[in-house]
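The listed protein sequences derive, respectively, from chains Y and W. For what it's worth, the working numbering labels the leading residue of the first sequence as 231, then goes sequentially. For what it's worth, the working numbering labels the leading residue of the second sequence as 231, then goes sequentially.
These are computed hints drawn from the structure, not numbers from a lab. Worth double-checking, as some hints may not be accurate.
All copies of an identical chain are treated as equivalent in the list; a pair is satisfied when it fits inside any one copy or across any two copies.
Claimed, not checked - List of simulated lysine-lysine pairs, DSS-like, C-alpha gap at most 30 Å:
#1 LYS273 - LYS407
#2 LYS386 - LYS485
#3 LYS555 - LYS255
#4 LYS489 - LYS292
#5 LYS489 - LYS250
#6 LYS232 - LYS386
#7 LYS420 - LYS471
#8 LYS349 - LYS292
#9 LYS485 - LYS522
#10 LYS232 - LYS555
#11 LYS314 - LYS425
#12 LYS522 - LYS505
#13 LYS389 - LYS485
#14 LYS425 - LYS350
#15 LYS485 - LYS408
#16 LYS233 - LYS386
#17 LYS489 - LYS568
#18 LYS250 - LYS314
#19 LYS233 - LYS250
#20 LYS386 - LYS555
There are 2 protein chains.
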Amino acid sequence: MKKVRIVLYGVGAVGSLIAKFLLEKEWAEIVGAVDLAKDKIGKDLGTVLGINETLGISISEKIERAVSTKDADIAIHATSSFLKETYPQITSLIEHNLNVISTCEELAYPYFTSPTIAKKIDALAKQHGVTVLGTGINPGFVMDTLVIMLSAACQKIEKIQTVRVIDAATRRLPFQKKIGAGLKIEEFQKRIEKKEITGHVGLVQSIAMIADALGWNIEDILAEPVLPVIAEKPVESRELKVETGRVAGLRQRAKGIVKDEEVIVLDFQAYIGAKEEYDLITINGVPNIEQKIQPCIHGDVGTVAMVTNMIPKIISAPPGLVTMKDLPVPSATLGDVKRHFNRNS
Amino acid sequence: MKKVRIVLYGVGAVGSLIAKFLLEKEWAEIVGAVDLAKDKIGKDLGTVLGINETLGISISEKIERAVSTKDADIAIHATSSFLKETYPQITSLIEHNLNVISTCEELAYPYFTSPTIAKKIDALAKQHGVTVLGTGINPGFVMDTLVIMLSAACQKIEKIQTVRVIDAATRRLPFQKKIGAGLKIEEFQKRIEKKEITGHVGLVQSIAMIADALGWNIEDILAEPVLPVIAEKPVESRELKVETGRVAGLRQRAKGIVKDEEVIVLDFQAYIGAKEEYDLITINGVPNIEQKIQPCIHGDVGTVAMVTNMIPKIISAPPGLVTMKDLPVPSATLGDVKRHFNRNS
Chain Y
231 MKKVRIVLYG VGAVGSLIAK FLLEKEWAEI VGAVDLAKDK IGKDLGTVLG
281 INETLGISIS EKIERAVSTK DADIAIHATS SFLKETYPQI TSLIEHNLNV
331 ISTCEELAYP YFTSPTIAKK IDALAKQHGV TVLGTGINPG FVMDTLVIML
381 SAACQKIEKI QTVRVIDAAT RRLPFQKKIG AGLKIEEFQK RIEKKEITGH
431 VGLVQSIAMI ADALGWNIED ILAEPVLPVI AEKPVESREL KVETGRVAGL
481 RQRAKGIVKD EEVIVLDFQA YIGAKEEYDL ITINGVPNIE QKIQPCIHGD
531 VGTVAMVTNM IPKIISAPPG LVTMKDLPVP SATLGDVKRH FNRNS
Chain W
231 MKKVRIVLYG VGAVGSLIAK FLLEKEWAEI VGAVDLAKDK IGKDLGTVLG
281 INETLGISIS EKIERAVSTK DADIAIHATS SFLKETYPQI TSLIEHNLNV
331 ISTCEELAYP YFTSPTIAKK IDALAKQHGV TVLGTGINPG FVMDTLVIML
381 SAACQKIEKI QTVRVIDAAT RRLPFQKKIG AGLKIEEFQK RIEKKEITGH
431 VGLVQSIAMI ADALGWNIED ILAEPVLPVI AEKPVESREL KVETGRVAGL
481 RQRAKGIVKD EEVIVLDFQA YIGAKEEYDL ITINGVPNIE QKIQPCIHGD
531 VGTVAMVTNM IPKIISAPPG LVTMKDLPVP SATLGDVKRH FNRNS
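Next up, chain Y with everything else stripped away, as it sits in the complex:
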């Protein structure tokens, strides 16, 4: 089988994890890498990944340089959560006739929050005959696609609630800092105001995707303020200690409104010292469904899996900007990988 030729766009924390996993996959070949960080440009990808070999792939500042001599099939894009930043990057990849899978949270379902950008990306992708997808574990799976999946067993649905609780002590230090762990409450609030702490990005996108899949015309999506979770006793991770009364992490909710009712409520909690980690989905309907994944699916591990596992499906998909709800049921890509690529050909 011809290998899938992959360009990495973004070799940060998540991009590096994806790269290392792709290096293990016999069906994948990394043929180029882009990163904007000055300390990475010009270095060999192997060096930047911290693995014990050079890969003969120099990290470029621009996509033009990364794929000038080699054709690639798909770009794996992992730079920012926000479309404002990723939009020009993604369009440049499309213009190089590359399929794109991105971890950009706002790309997971941009049709509600950024309909103009969504339509532009869709049109450009169709023009270039490539497929673009934003995915990851969340948004992309536990708080949206899995909800959509479970809804299929329901005749009627009144309300959907999901709760994701993460013990931040199990995550990387940058994640712990991103959620404000260890800060005084005033400092947390200040960083929220300055948008240095943004909380989880994607709840609004997840709600919009669920509503679209189910056929609900959403009237409004309310993103509640990001709240600090205060340590009621000293808690700690390997990397940092949180005194009683300081911020252990954060909690945020978003609500989708149909006919004045809160029909979709997503509740995201990430803090050091969470007693239980879980992903909970509750559907009030016919039948009621209560589903729990315990512990919750690890964010980084799951995102690396989702991005990689969607590669065959994106390569086989019709052109355009697609979202998880439009694609065949996702699956692991194990064993005889030819079978993953030959399905729709």
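Since the structure of chain Y is provided, determine the placement of chain W on it from the hints.
This is chain W only, laid out in the frame that chain Y set:
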């Protein structure tokens, strides 16, 4: 929106439940009904459904009579678990240019157990430009499609196990009888030998579908003997009592083998007096995933939902015999139903 014109093939227990649900759906119109039972032929569908109105649809013995004057879009087929019986029925529907969704368990994934029949149905469906799907809650959802979905969050998988435990007291009397509730052990064994009790049909199909989706080349699928679950104390449903020492229901397992390892193990249990009802999926891999739906999704309620909710996706799908793993992520069909039908057009 033009309504979806539906022919019912089989107006038994499950077919009747589907019919009643479809009557509530504004986008659906039942235009014909077929049943082989002498006491139903010639009667009005409303009478057979036991609802307080006539529907102007006479139950026919043959599909030719049911759709002679009216074109239909799709047939909902609910007669038997076994392809041996349903194959000629399904081909007759295809030959009338009808899309087909069937509750036939063996049709959920016939490529492993009945490859020749599967290929024939696929070819015939393509010839007539229609799509054929076997689905339901199980097979079709809790022990296969949902497993495939969850596998997408995994980088590696060593083993998959699912357990479905049903308290038969919550189900219809025919279901309770089908699993042997109330019988003496010897009588249970006799009926197993005579194939009067077949147990749950579909475990082998579910394993084969999971393996295909994940890319595992399955070497063998072992369907273990159906075992009686013996009442350790008196248990009862509304309809029947089971003395201590008698059969309360049954348990059966099937195992998918890859490279001499049991990589997929499905465990189905249905008996009166089960303390807990649940659907459990355990994936040993990176990451490990343990997912529990509690109580388990009700078989009849879920099957009616699955069959109905797949109608828009089957109408939009390319022709051929498809299985759940080939189709877009399933979802409830609520609210603005036009949106469910206009997606891929």
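Each hint tested on the structure:
Taking CA atoms no more than 30 Å apart as the test, LYS273 paired with LYS407 passes inside one copy only; the shortest distance there is 28 Å, against 70 Å between copies. Within a single copy, LYS386 and LYS485 get their C-alpha atoms as close as 19 Å, which meets the 30 Å cut-off; across copies the closest is 34 Å, which misses it. For the identical chains of this complex, LYS555 and LYS255 are neighbours both inside a copy (26 Å) and across copies (23 Å), given an alpha-carbon limit of 30 Å. Neither within a single protomer nor between protomers do LYS489 and LYS292 lie at most 30 Å apart by alpha-carbon distance, with minima of 47 Å and 45 Å respectively.
For the homomeric pair LYS489 and LYS250, the shortest alpha-carbon distance between copies (27 Å) is at most 30 Å, but the shortest distance inside one copy (47 Å) is not. Taking CA atoms no more than 30 Å apart as the test, LYS232 paired with LYS386 passes between copies only; the shortest distance there is 22 Å, against 46 Å inside one copy. Taking identical chains as interchangeable, the C-alpha atoms of LYS420 and LYS471 lie at most 30 Å apart only when both belong to the same chain, with a minimum of 21 Å there against 66 Å between chains. Proximity of LYS349 and LYS292 under a CA criterion of 30 Å is satisfied intra-copy only: 25 Å inside one chain copy versus 49 Å between copies.
When the C-alpha separation of LYS485 and LYS522 is checked against a cutoff of 30 Å, the pair qualifies both within a copy, at 20 Å, and between copies, at 25 Å. When the C-alpha separation of LYS232 and LYS555 is checked against a cutoff of 30 Å, the pair qualifies both within a copy, at 28 Å, and between copies, at 24 Å. Within a single copy, LYS314 and LYS425 get their C-alpha atoms as close as 14 Å, which meets the 30 Å cut-off; across copies the closest is 64 Å, which misses it. For the homomeric pair LYS522 and LYS505, the shortest alpha-carbon distances inside one copy (15 Å) and between copies (19 Å) are both at most 30 Å.
Only within a single protomer do LYS389 and LYS485 lie at most 30 Å apart by alpha-carbon distance; the minimum there is 11 Å, versus 37 Å between protomers. Taking the shortest alpha-carbon separations for LYS425 and LYS350, only the intra-copy value of 27 Å comes in at or below 30 Å, while the best inter-copy value is 60 Å. Within a single copy, LYS485 and LYS408 get their C-alpha atoms as close as 23 Å, which meets the 30 Å cut-off; across copies the closest is 44 Å, which misses it. Taking identical chains as interchangeable, the C-alpha atoms of LYS233 and LYS386 lie at most 30 Å apart only when they sit on different chains, with a minimum of 20 Å there against 45 Å within one chain.
Proximity of LYS489 and LYS568 under a CA criterion of 30 Å is satisfied inter-copy only: 18 Å between copies versus 47 Å inside one chain copy. In the homo-oligomer, the alpha carbons of LYS250 and LYS314 lie at most 30 Å apart inside one protomer (28 Å), although the nearest pairing across protomers, at 49 Å, exceeds that limit. For the homomeric pair LYS233 and LYS250, the shortest alpha-carbon distance inside one copy (16 Å) is at most 30 Å, but the shortest distance between copies (51 Å) is not. For a Cα distance limit of 30 Å, the shortest separation of LYS386 from LYS555 qualifies both inside one copy, at 19 Å, and across copies, at 23 Å.
Violation of the numbered hints given earlier is confined to hint 4; every other hint is satisfied by the structure.
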